Each structure stands twice: as structure tokens, then as C-alpha cells.
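So the protein lines, in turn, are chains A and V. If you're matching positions, the first sequence starts at 3 in our numbering and goes up one per residue. If you're matching positions, the second sequence starts at 95 in our numbering and goes up one per residue.
If you're looking for bench data, these hints aren't it; they were derived computationally from the structure. Computed from a prediction, not measured in an experiment: that's the story for all the values here. The reader is advised that the hints may include incorrect statements.
To be verified - Calculated Cβ distances over 12 Å to all of chain V for the following chain A residues:
hint : residue
1    : Asp66
2    : Tyr114
3    : Arg141
4    : Tyr163
5    : Ala191
6    : Ala195
Claimed, not checked - Beta-carbon label-pair distances, calculated as ranges:
hint : chain 1 : residue 1 : chain 2 : residue 2 : range
7    : A       : Arg68     : V       : Lys459    : 51 to 57 Å
8    : A       : Gly205    : V       : Gly458    : 47 to 53 Å
9    : A       : Ala13     : V       : Ser300    : 54 to 60 Å
10   : A       : Asp142    : V       : Glu362    : 56 to 62 Å
11   : V       : Ala409    : A       : Asp177    : 39 to 45 Å
12   : A       : Gly178    : V       : Arg338    : 45 to 51 Å
13   : V       : Glu181    : A       : Gly205    : 27 to 33 Å
14   : V       : Asn142    : A       : Asp128    : 32 to 38 Å
As the list claims (entries may be wrong) - Derived lysine-lysine pairs resembling PhoX-like cross-links, with alpha carbons at most 25 Å apart:
hint : chain 1 : residue 1 : chain 2 : residue 2
15   : A       : Lys194    : V       : Lys510
16   : V       : Lys561    : V       : Lys510
17   : V       : Lys465    : A       : Lys194
18   : A       : Lys60     : V       : Lys422
All residues carry an ideal CB built from backbone N, CA and C; glycine is no exception.
Spelled out from the first residue to the last, the chains are:
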Amino acid sequence: MDALIPVTRVAGRPIPLRGNDIDTDRIIPARFMKAITFDGLGALAFYDERYRADGSLKGHVMDDPRYSAKGDRIAVVNKNFGCGSSREHAPQALLRWGIKALIGETFADIFYGNCIANGMPIATADAATIEKLLAAIERDPKQELTLDVETRTATYGGETYRVEIPDGVRKQLVDGTWDATRVLLSAAAEVKATAQSLPYVQGF
Amino acid sequence: MAKSLFDKVWQAHAVRELPSGQTQLFIGLHLVHEVTSPQAFQMLREDNLAVPFQDRTVATVDHIIPTDTEVRPFSDEQAEGMMSAIERNCREFGIQLLDRASGSQGIVHVIGPELGLTQPGMTIACGDSHTSTHGAFGAIAFGIGTSQVRDVLASQCLAIVKPKLRRVEVNGVLPHGVYAKDVVLHIIRMLGVQGGVGFAYEFAGSVFDRMTMEERMTVCNMSIEGGARCGYVNPDQTTFEYLRGRRFAPQGEAFERAVAWWRGMASEPGATYDDVVQLDGSSLSPVVTWGINPGQAIGVGERIPSADDVADDEAQTVRDAIDYMGWKPGQAIAGTRIDVAFIGSCTNGRISDLREAAKVAALGKVKPNVKALVVPGSQDVARQAEAEGLHEVFRAAGFEWRLPGCSMCLAMNPDKLIGDQVCASSSNRNFKGRQGSPSGRTLLMSPAMVAAAALEGAVTDVREILK
Ligand code: SF4
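Modelling step: build the complete structure from the supplied sequences, incorporating the hints.
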């Protein structure tokens, strides 16, 4: 397995994705999930929100020239982002498009877990803070947004915002233990003992 | 102190606490399907990992398979690639694959229960959000992403934070023509699609006590649409009788010992909950969704809301939904013309769903301009329905009778909406583009309501037809 990769700080241009309840079907439509790898998903992120049937652009924020810089990005979102299907294709598509971290009001549970499992930090803040940050970005989109996982702060255009990252998640990111497989495999004997204590595993 | 089922199951399966604050939780049953697993198996290969608990892992194929042909290779090359990948992966890692040749193939959340794989007191995981379905048996069942599928394959464990627990009590007597689907759509409407985030739901009260296992599955299935991490109903005599004699359920004396253990896992009176919500089932009517998330639902006699009727931060979602669906605020939902009727999915593709829909189908003919599909949830469901002659009832009414699979619930196979067609659907999601057309429109409702809509060519109160 790869070495531990700590994620302490992410910096990149911002991409504001406004709206509540943006579901994973919207982030990546199911018809693009038929490949057996995650490769190539980046170009398909938010496909139906971005393209008309004839392939022309609808004018989604991801195609707005003000946000068209290449390189790492941080998305800023509202409530219940990533609800619906458990598909990890959604964070994978965002990641491959360049979104390396997200800041928002709230996130759906499975989506949240999928992001952390891929070393993508998620920070939350109350509605007023998010609105302030979104407004600052939309006023002047060309600054660099940083998310500091260690200090739990986001900085944009000289302004610093307090954000929330639960202690355990912060520790996973900072220690580089966000990829759980290695951790889970290190307790093989205890796992066996738990299995043996369960009547149904033993066939009653 | 009195304990909930949730606490007992959690405690019995907790391997250890992790430094991250998560619990390493043993998973008693891992269900695998073709769409969310290939990348996980590839990760195992790259890291040289095996599957240590092969006999606690079962795979099937449901999402991509065509429902109009069994011929291989599938005409869709990508679907065929996915199918061959799961066949190869299951062979290589020693996992039982319930494919069409096995006779037990079907939607993963339909076959787990009907084969008796799903049992009370278990932890269950599957790379699919509707894994919550299995909670109907008093199991704690989590939908997971592909990285976690890899984790469970490699270690039979999940690293997971324990959710809070909310008891959702529904009492009263459901009126005639009101089904489990209406109950859960009503719950989501009342608590919101975000209301359950961070919670497990315990469904309790006389309405759930009286429900059959299949009805409980419909409710638990959609817990996730209310944002909950999982949902369950405490196991009782109904649960045990359902399981008795099923293929993977304990047999003989072992079954009696199992019942004793299962009974002991149920929540005790006086158990503590982080939250309790009470709803009245007597006042419900058939529910139809009008919007682009399952919480945007109204009774069939109600009217489409306007953005002015809701809190400020929901107004944009309502405007977006009205715009996408093409409504005029204040319009009645009854009478809305439909183009497609879909009966199936892990929410409502079981034998009791088909029986209820067939009762309605027997009373008329599908309108000529409506394409109507019935897709049984599994090969077992299909065999049972055919034995009862339901397929003939549907065909005589003008429905197509298809092979088991997910079909038009998410349209990863050839069954798709075209353009901005309106579909009356017994599935679970009405998201933009969900049924395969980027501008397709979905109205969620019970299978009986879908059948009624097919006969009328428009959204109809099924109680009018059943009178
Ligand atoms: S029927 Fe629909 S919701 Fe259920 S598993 Fe299949 S695609 Fe998912």
C-alpha cells in the first residue's frame, strides 16, 4: 500500500456551486458509471447541468470564464450537498475535474465519507459564513482560496473564516490515515474474535 | 439500562474504537453488485489483498442488465464489460455470484431478504444507498461508497462514526388505498430530505407493527431519501415467520435458537433516543412527488406549491423544481398527463407490490399513448407472479412484462425516458435526469397509483378506481 499522505492544507481557485440538495445523480449521471474504472470522469462532472443535448454549453458556473482557471480548486456549496446515490463516482468526478476540497453548510453522510476516504477535506460553516464567502468569491473570483485543515480556517481575499472539521476527521487527514483499509487490517485478531462472538456467524 | 436495538447491534459488532473517533465495525453480510465494485476489486489486486470472509459476501447483477433479453454478450459493450468484470472478480476472489443462471438473481435489496440472507441483529453493507432496505428485519444496514466496498472486502469491517438515533413513530390506521410507500413519502415530506442527516431511524408504532415484511422494506428502503444513514424496524413474530424456511435462514433447531437471539436484540421499552417524532397515519392519503427530490411530495388531492409557501432557503429549490417539471404553481397534481408508467425497483418491485398493482390493472386498459412496464425485482418474484398469473393480468391490460433488474429506476440499461417524458414511477428517486433522459420527469407514487395512472393516462387517486 502507498505511504501515508497527510492532507493539512488545500489551496486553489474557488468554484461556487450554489443550491441546496445537489444530488449525486446531478454530479455524475448514472449513464457515465458503466466504465469499470474512474478514469475520465472529470470531464463528465455535472454533465447534464453543463451541456445541452447538442453538446453546446448551458452556461453552468463551471464553464464561466471567471472560474475557468486550470489547476486545483475548492468548491463552496450550500446545504445537503451530495445527497442521494452512494456512488463514489461523484467525488471521483469532482476530484478529477480539479476539486480537491469542499466547504459548505451541510453534506449528505455517504458523500462526506466518500470524500474523506479519498483524502478530500470537507469543512462546514453556518449559512451566514458560507453566504459571506460565496459573496466574496463572486465579487472577486480571481483570488486563491485556502482551507487549512490543521487550524480549521478558510482564507479568501485577505479574510479568514472559521470552519468546522470534526476532531476525528481532522486527525485522519492530518495524520494521513484517511485511507481506512490499512487501519482496519491491523486488527485481524480482534476481527476474528468479534466474528466468533456472533451467534449468526457461528450458525447458531 | 434499557437499550435500543441499534445500541445492541453496534456493541455486538464493534471490534474497537479507532483514533479517528470512528468505530471499527464488523460487517455480518456484504452484498456486492456490478456497478460499484469493479474499482474496489481492482484496488485489492493492486494492494495484493484477499477477501477473508468469502462466505459472508454475496454478489448479484441488477443495475445494468437488460430486461428484455437474456442473450450474451449484451448489445451495450460497456454493460457487457461490467458483467464480465463481476464474473471474473467473483471467480478470482472466491465470492458466490447469484447471476441469471443461478435462478436467484435480482435487485440486491430484493434477493437478500427473500433468500434469508438478511437477518435480525446483523450489520449489513452494500455499495448502494438503498441498503437501508435490510433494516426492515432489525438489521443495521449501511450504503457505502466504493472505497468502503474495498475496506469491507479486505477486512470485513467499516470505519464509521456512530450515528444518533431517532425514533419515528407512526400510529393510527392507514385508510384504504394508502400504502407503505405513501407512509414513507409522507415521513420524508414532514422531516425533509436533510432531516435525517447524522441519524439512524427506528420506525415504530402501530402502523409498522401491522405491516408485512415487504411493506417494512419499502419504508426502510427510503430512509436514505430522508437523509438518514440507515433505518430499521424491530424484529417481531412477523419477521420470524417471514424468515422461517428461507434458503439461507437457520433451519430446524438452529432456527429456534436464532429466534431467541433475534428477539433479544429488539429495542427494550424505555430505551433512550436522541430524538422522537410522532406522526398520525390515519390522516394520510395517497402521496405523489411533484418535484426533484423525494421530499417534494403532496397528497393526490393537493396542489403544486409556490416558492412563496416555503422558507426562504428552500424557495430556490422549489422554483428550480417548478421550472424543471414545467408546473404552474397552484395547479392540481391529479390529472397530470403521463407518458410512461414504471412498476418495479428495490422500493416496490416485490410480489406484494405486483399483486396490488395487478388488482388495479385488472380493472382497465393502459391508455394507448402510455408506455407501461412491469419489472419484477428478482427471478423469485417473477416466478411467483407468473405462478399466480399476474403477468397475464398485466399483459392483458397493456403492460409489458419484463425480466428482473433495476431497469428504469436509474436507467443504466436500455430502459430510459426520452426527452421530457413524464413517468409515474414506483421507484425511489425523482432527481433531475434520474430515469435516463436529462430532461425526463419523474412522479413517485405507490405501485397501485402507478397502475391507476397507466389506465387513466394521468395521475389519478387510486381509491376512485378501487371503489
Ligand atoms: S432499483 Fe434503483 S434504487 Fe434500487 S438498487 Fe436498483 S438502481 Fe438502486
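Against the structure, the hints:
1. Asp66: At roughly 18 Å from the nearest Cβ of chain V, Asp66(A) sits farther out than 12 Å, so the non-interface label holds.
2. Tyr114: violated, 9 Å
3. Arg141: Consistent with the label, Arg141(A) stays out of reach of chain V, its closest Cβ about 20 Å off (over 12 Å).
4. Tyr163: Its Cβ never comes within 12 Å of chain V, the nearest being 19 Å, so this holds.
5. Ala191: At about 10 Å from chain V, Ala191(A) fails to clear the 12 Å cut-off, so the statement is violated.
6. Ala195: Incorrect as stated: the minimum Cβ-Cβ distance to chain V is 8 Å, not above 12 Å.
7. Arg68(A) - Lys459(V): 51 to 57 Å: holds, 56 Å
8. Gly205(A) - Gly458(V): 47 to 53 Å: Given a distance of about 50 Å, which is inside 47 to 53 Å, the answer is holds.
9. Ala13(A) - Ser300(V): 54 to 60 Å: holds, 56 Å
10. Asp142(A) - Glu362(V): 56 to 62 Å: The hinted range 56 to 62 Å holds for Asp142(A) and Glu362(V), with Cβ atoms some 58 Å apart.
11. Ala409(V) - Asp177(A): 39 to 45 Å: holds, 42 Å
12. Gly178(A) - Arg338(V): 45 to 51 Å: Between Gly178(A) and Arg338(V), where Cβ atoms are some 49 Å apart, the hint holds.
13. Glu181(V) - Gly205(A): 27 to 33 Å: Cβ of Glu181(V) to Cβ of Gly205(A): about 29 Å, so the range 27 to 33 Å holds.
14. Asn142(V) - Asp128(A): 32 to 38 Å: violated, 45 Å
15. Lys194(A) - Lys510(V): violated, 45 Å
16. Lys561(V) - Lys510(V): Given pair Lys561(V), Lys510(V) is violated - Cα atoms ~33 Å apart, limit 25 Å.
17. Lys465(V) - Lys194(A): violated, 52 Å
18. Lys60(A) - Lys422(V): holds, 23 Å
When the structure is compared with the earlier hints, violations turn up for hints 2, 5, 6, 14, 15, 16 and 17 and for no others.
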